[in-house]
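Given the coordinates of chain A, work out where chain B should sit on it, guided by the hints.
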Amino acid sequence: MRDARDAEDARLLEAGEHETLLATYFDTIVGRCRARIYGPEAEDVAQDVLLRLWRELRRGRRYTVPYRVVAHKVIDWKLKEHLSGIRHDASPEEIPDEAFEEYARTVARLDLEALIAQLPERQRQVAHLRYLTGLDREQIAETLGIQPNAVDQALHNAHKKLKELLL
Amino acid sequence: MSDVERLFDEYAAAFTRGERPDVRMYLDLAGGGREELGLLIDAFLQAAPAPPPSDEALRMVGARVSGDAPLLALRKQRAARREEVVDELLRTQGWPESQREKVKTYYHQLESGLLDARRVALPVLEAVARFLGVHVADFEGYRAPPTPAGVYARVVDQEALPPASAPEIPEEDEIDRAFHSGR
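Protein sequences appear in the order of chains A and B.
With positions in the first sequence counted from 1, the corresponding number in the working numbering is that position plus 2.
With positions in the second sequence counted from 1, the corresponding number in the working numbering is that position plus 1.
In short, the hints are calculated from the structure, not lab data.
Nothing here was measured: the structure is a model prediction, and the numbers come from that model.
Only true hints are included.
If the Cβ cut is set under 10 Å, some of the chain A residues that face chain B in the computed set are:
id : residue
1  : R4
2  : L24
3  : Y27
4  : G33
5  : C35
6  : R36
7  : I39
8  : Q49
9  : D78
10 : L112
11 : D113
12 : H158
13 : L168
The beta carbon of each residue, even a glycine, is placed where N, CA and C say it ideally should be.
Chain A on its own, in the form it takes in the complex (with noise of 0.2 Å):
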């Protein structure tokens, strides 16, 4: 699934359909500083996440990592600098491609699919019903033909070790 992404946004990339790229982050981007900046602070560090992103796709970097990994980093360095009122002055071009490796291997380890991955099984079924399908409870039910309760704690469970996982 990951990798359909990564190989989608690189075409995107390639045939430089810049603004569809970023519109595939835009939720996230939105999402992610609003989750950590409570305040409407939250929606400048958003901007300028995305205009940040738009002037380093302008000019015309090919990163070694794929595109989700960039548009990551790009925003924990803004969260980081608004979070803690220090700015990074680092850009991205000015920072080595090891660098995003290195963030790559971070972001890998977080990967949804790959965390759901290491649940039990019956959690793991529930998990990828709910995160990666998109069922609700009782299409999760009746897809596994178990009790809509066992499905709840199932997802209960699941939550308390993806909360071990993801923190």
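What follows is chain B alone, placed relative to chain A:
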């Protein structure tokens, strides 16, 4: 399931379905668990695959990177006249027809980025967003670029200016407060 877990579950599932859930709404509902929920959502968004871009996101990005005002771009895309948005605001906010010109002026300022959307009451923004078929987040972060006059105004030698007489401040009414008082 705790409240934080339930809210996280609802947010994550909605995002996966390709909806555009507003993080702020979920954090508001979390009360004391807000920070924990924020961390979870942030971590989830790093891990979750990005869904294909929505039409709204595409329009918003296009408007923001080109420096155009997103609200104006959205209204044009809907082929709606400014008067229609004003009609909607009068109707949904229960404001009298006699205040049409004032509302229109404020809306023009909002649409042009001259009025900071963060100072506008949420019900007003939500009414505009509903009418245009988008989310408040789509246009909220926009600021108009500074004009040459604006830049110049910041470097004027204030001491060289004649002393200003105390301006007469008109009393604020409900509409002024809705567009100026923030949230």
